[in-house]
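Protein chains: 4
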Amino acid sequence: GPEPLYILGPCVIESEEFVWRMARQLKAIASEVGIQFVFKASYDKANRTSVKSFRGLDVREGCQILANIGKELGVPVTTDVHSPEETKIAAEYIDILQIPAFLCRQTDLIQAAAETKRVVNVKKGQFLAPWDVKNIADKLLSFGNDQFFFTERGATFGYNNLVADMRSLYWIREAGYPVVFDATHSVQRPGGGGDKTSGDGVLAPVLARAAAAAGCDGIFIETHEDPSKALSDGPNQIPLAQLPSLLKQLRQIHDLVR
Amino acid sequence: GPEPLYILGPCVIESEEFVWRMARQLKAIASEVGIQFVFKASYDKANRTSVKSFRGLDVREGCQILANIGKELGVPVTTDVHSPEETKIAAEYIDILQIPAFLCRQTDLIQAAAETKRVVNVKKGQFLAPWDVKNIADKLLSFGNDQFFFTERGATFGYNNLVADMRSLYWIREAGYPVVFDATHSVQRPGGGGDKTSGDGVLAPVLARAAAAAGCDGIFIETHEDPSKALSDGPNQIPLAQLPSLLKQLRQIHDLVR
Amino acid sequence: GPEPLYILGPCVIESEEFVWRMARQLKAIASEVGIQFVFKASYDKANRTSVKSFRGLDVREGCQILANIGKELGVPVTTDVHSPEETKIAAEYIDILQIPAFLCRQTDLIQAAAETKRVVNVKKGQFLAPWDVKNIADKLLSFGNDQFFFTERGATFGYNNLVADMRSLYWIREAGYPVVFDATHSVQRPGGGGDKTSGDGVLAPVLARAAAAAGCDGIFIETHEDPSKALSDGPNQIPLAQLPSLLKQLRQIHDLVR
Amino acid sequence: GPEPLYILGPCVIESEEFVWRMARQLKAIASEVGIQFVFKASYDKANRTSVKSFRGLDVREGCQILANIGKELGVPVTTDVHSPEETKIAAEYIDILQIPAFLCRQTDLIQAAAETKRVVNVKKGQFLAPWDVKNIADKLLSFGNDQFFFTERGATFGYNNLVADMRSLYWIREAGYPVVFDATHSVQRPGGGGDKTSGDGVLAPVLARAAAAAGCDGIFIETHEDPSKALSDGPNQIPLAQLPSLLKQLRQIHDLVR
Chain C
268 GPEPLYILGP CVIESEEFVW RMARQLKAIA SEVGIQFVFK ASYDKANRTS VKSFRGLDVR
328 EGCQILANIG KELGVPVTTD VHSPEETKIA AEYIDILQIP AFLCRQTDLI QAAAETKRVV
388 NVKKGQFLAP WDVKNIADKL LSFGNDQFFF TERGATFGYN NLVADMRSLY WIREAGYPVV
448 FDATHSVQRP GGGGDKTSGD GVLAPVLARA AAAAGCDGIF IETHEDPSKA LSDGPNQIPL
508 AQLPSLLKQL RQIHDLVR
Chain W
268 GPEPLYILGP CVIESEEFVW RMARQLKAIA SEVGIQFVFK ASYDKANRTS VKSFRGLDVR
328 EGCQILANIG KELGVPVTTD VHSPEETKIA AEYIDILQIP AFLCRQTDLI QAAAETKRVV
388 NVKKGQFLAP WDVKNIADKL LSFGNDQFFF TERGATFGYN NLVADMRSLY WIREAGYPVV
448 FDATHSVQRP GGGGDKTSGD GVLAPVLARA AAAAGCDGIF IETHEDPSKA LSDGPNQIPL
508 AQLPSLLKQL RQIHDLVR
Chain R
268 GPEPLYILGP CVIESEEFVW RMARQLKAIA SEVGIQFVFK ASYDKANRTS VKSFRGLDVR
328 EGCQILANIG KELGVPVTTD VHSPEETKIA AEYIDILQIP AFLCRQTDLI QAAAETKRVV
388 NVKKGQFLAP WDVKNIADKL LSFGNDQFFF TERGATFGYN NLVADMRSLY WIREAGYPVV
448 FDATHSVQRP GGGGDKTSGD GVLAPVLARA AAAAGCDGIF IETHEDPSKA LSDGPNQIPL
508 AQLPSLLKQL RQIHDLVR
Chain A
268 GPEPLYILGP CVIESEEFVW RMARQLKAIA SEVGIQFVFK ASYDKANRTS VKSFRGLDVR
328 EGCQILANIG KELGVPVTTD VHSPEETKIA AEYIDILQIP AFLCRQTDLI QAAAETKRVV
388 NVKKGQFLAP WDVKNIADKL LSFGNDQFFF TERGATFGYN NLVADMRSLY WIREAGYPVV
448 FDATHSVQRP GGGGDKTSGD GVLAPVLARA AAAAGCDGIF IETHEDPSKA LSDGPNQIPL
508 AQLPSLLKQL RQIHDLVR
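Chains as they are written, first to last, in the numbering used here: chain C, 268 to 525; chain W, 268 to 525; chain R, 268 to 525; chain A, 268 to 525.
Where hints are given, some of them may not hold.
Which copy? The list can't say, so a pair holds if one copy fits it or any two copies do.
[Claimed, not checked] Each computed DSSO-like pair below joins lysine-lysine, with the alpha-carbon atoms no more than 27 Å apart:
(1) K401 / K319
(2) K312 / K384
(3) K312 / K355
(4) K401 / K515
(5) K384 / K319
(6) K294 / K312
(7) K496 / K401
What the hints contain is simulated information worked out from the structure, not anything from laboratory work.
Please model the complete structure; the sequences and the hints are all you need to start from.
So this is what it looks like as structure tokens:
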């Protein structure tokens, strides 16, 4: 099998300085562990639970920062887009355009992303059966883009809970599409924190290892120098200090099962 | 308790002639049964399962038709909006702006709808716990709009299935918000038809009656002269011919429990 | 349609005096409201969450008390059985033998109940799809008993939660079997109280009304003079004082929809 | 960490000759791979979906066969028990008594198993939250048995489907109990085959690998020379011929993560 892809980065561009520092540290870790990585950060958190939450930067400003980081460090970059208009701007700068899970059924957004000819990463909605990604794939293909993959990020399981169904990774691959496992969003407890999303960060490495062993084409991990101070999604991010050992382990598991 | 609200109409504006004919028939039925109704139709189906599905009309064109119907027949009209831009246009014509379930967490859309000062109907996402509508209510209030209500349309229940949790109606009312029950979308089988959403139309009256008896502020029903020929969501729409007896029954149940 | 059946009683025989007092009060309420009722109480709670919980009486002793009540008040009685041996003893005294939900797949128990020739009420397991009651029906029929019905008492919905799927009532009836809705167990929060099952008693009338309107052949309600002092399942029982008005309402809804 | 435990065997004692042949082949495979294994087979399938299904042998007869196999091959043996009476008989012969998932809340059965002083393996009910195994542990402890562990075998996920929540393994271990992952029952589709349980045998190795990587104390796998001819649960058993390579892989993953 091919090399697995690791999509790593903080949830959001908390500041230009912050995101550069994170990217440099991740680049060093990836080199040390010997893995290929894509740097991820969001410029905007468009679907925050509460209106009081931090949102982020303007799309062009955020994407320029990411593009500069990518060029300087020699790594591909990715971010999530929320409308056809944003998609066109982001595509000027960004290697992999990510469609948020809640928006995976919005045809106009899928079309806009497809038509940029960039690689598209569609997060599978929490409400979507694994085999139903085929309809999204067919939309992307019909709009002329065959450079896409899906990300599994957990399925709705009762209220305020998600479950990561490891069978999903198998089914999506069987359907012919590459699939990445998002270890940090899969441990979210949506709405579990009242006016913010809580989560079980300690479980993210557990699920990342499980997904690597189940078989997938990559792992997505949000990480932060100090998750307790993160401006978004802190409770489920993995502390940067724990990343090297986790990535080594994931790498070894991947080598075992491919 | 106050009079219940009935939101009735076809899924989509299949043609101008079709939607006028439907509205006139619904007006006659509502008068006969003695209920208050809001006429509903979508100008665009922005999140169809498959790209091959019928989408609809331009936003302004569609909303003008609905506004003309509303003025002529003396009924409020409603439609669903999918972006801040559409929202502004729709608000020129439409009495109640509906936020689609998949988009209920998109802050920009909530803000745009709130700022129109129109009544806003937020469909509760299939992935959202009933008590978490409070966060959406707080967003609407913070953007200056207190004329809103929620619609329950089923919760994700395993793959390709939704369950209508009747407790949700109680919890949303207890939280202080009016709640409408969407009987026809709650019986959808998302993705259950392969490249289209299937459903159990025969179950929609069952759930409508249950919701009326559980206690809610209104019922939303999509209806069609001939569901088998509907251009969208046919399998879960209620045939127009069955509507009078169902609405009478719902009316009586409502009178019993309020 | 035929008259609906109301299965009413306390969760468990807390004492002989208690259960006689409850039965007499229920008899008076049923006469006042004009409904047919079956008196229910368990002699033993065989599957309590915690070993510290109250369990109850010996099977023969408990069933004799119930039989005496039935004879004196002229009402059928029902109780739940947990093994083939208990089933044979209970059948000497009891009109309707109830199979607990967790045990609905135990063939020996189904066979023992079927062979008593008593009426059998199988509670549908929280893990069972509505259409799968057919397999249980086929077992009962193959053991020579066609006097049975099913009770819907909620389906597993994530962790520590049940959802009452009103479609289930329709599907079970469509399959050709009578179905009763258990309003008080459907609002349980299994394990939600740590070492006991908690629940939302306030929701039981909501779900009872919804089920009556959806269409079912009966309603099962556990009731107690003072739920806060009940030795079992207190949090989801309905206070006896609220029963008359609830039963009147259920009766009226039933008349409307049949 | 300690050596992981592998519980291996056919679903049911199809015949004495069959079960000896399976045990000898498994012994050879375990020696080759270098793992510790417990031989598992059921004497009776007490909760078959349909009454037409094969059930098995008498308890004493079945347990004697297993005990003879255990003595001859020098391996511990395990089987599942369904009543207090069976439990006492089985305990004369069997090293590890397994409590079926549907029966995990039956206090009398837990008590009978605990009092045999044998090791007890409680399968976690499909309807039970991972943290609620504590109540079962407390029952076992109060009956004087601290030699027990739990087996995760999937949670109810909508209708006719189970999901293996890998977080469960972490939570059960965190609560202080050893946990085994049942890879073949977790891929069942309960009732999915109409009058029998279907499943996705191809997914069992996927979930077994995921569980080993997530972290657990053992793996339970049902295997058959020819699953298509198995008298019970064929669709989810792993062909014996695939077992050596799978067990090697699981062994390596376990070494990596402990």
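Against the structure shown, which of the earlier numbered hints fail to hold, in ascending order?
4
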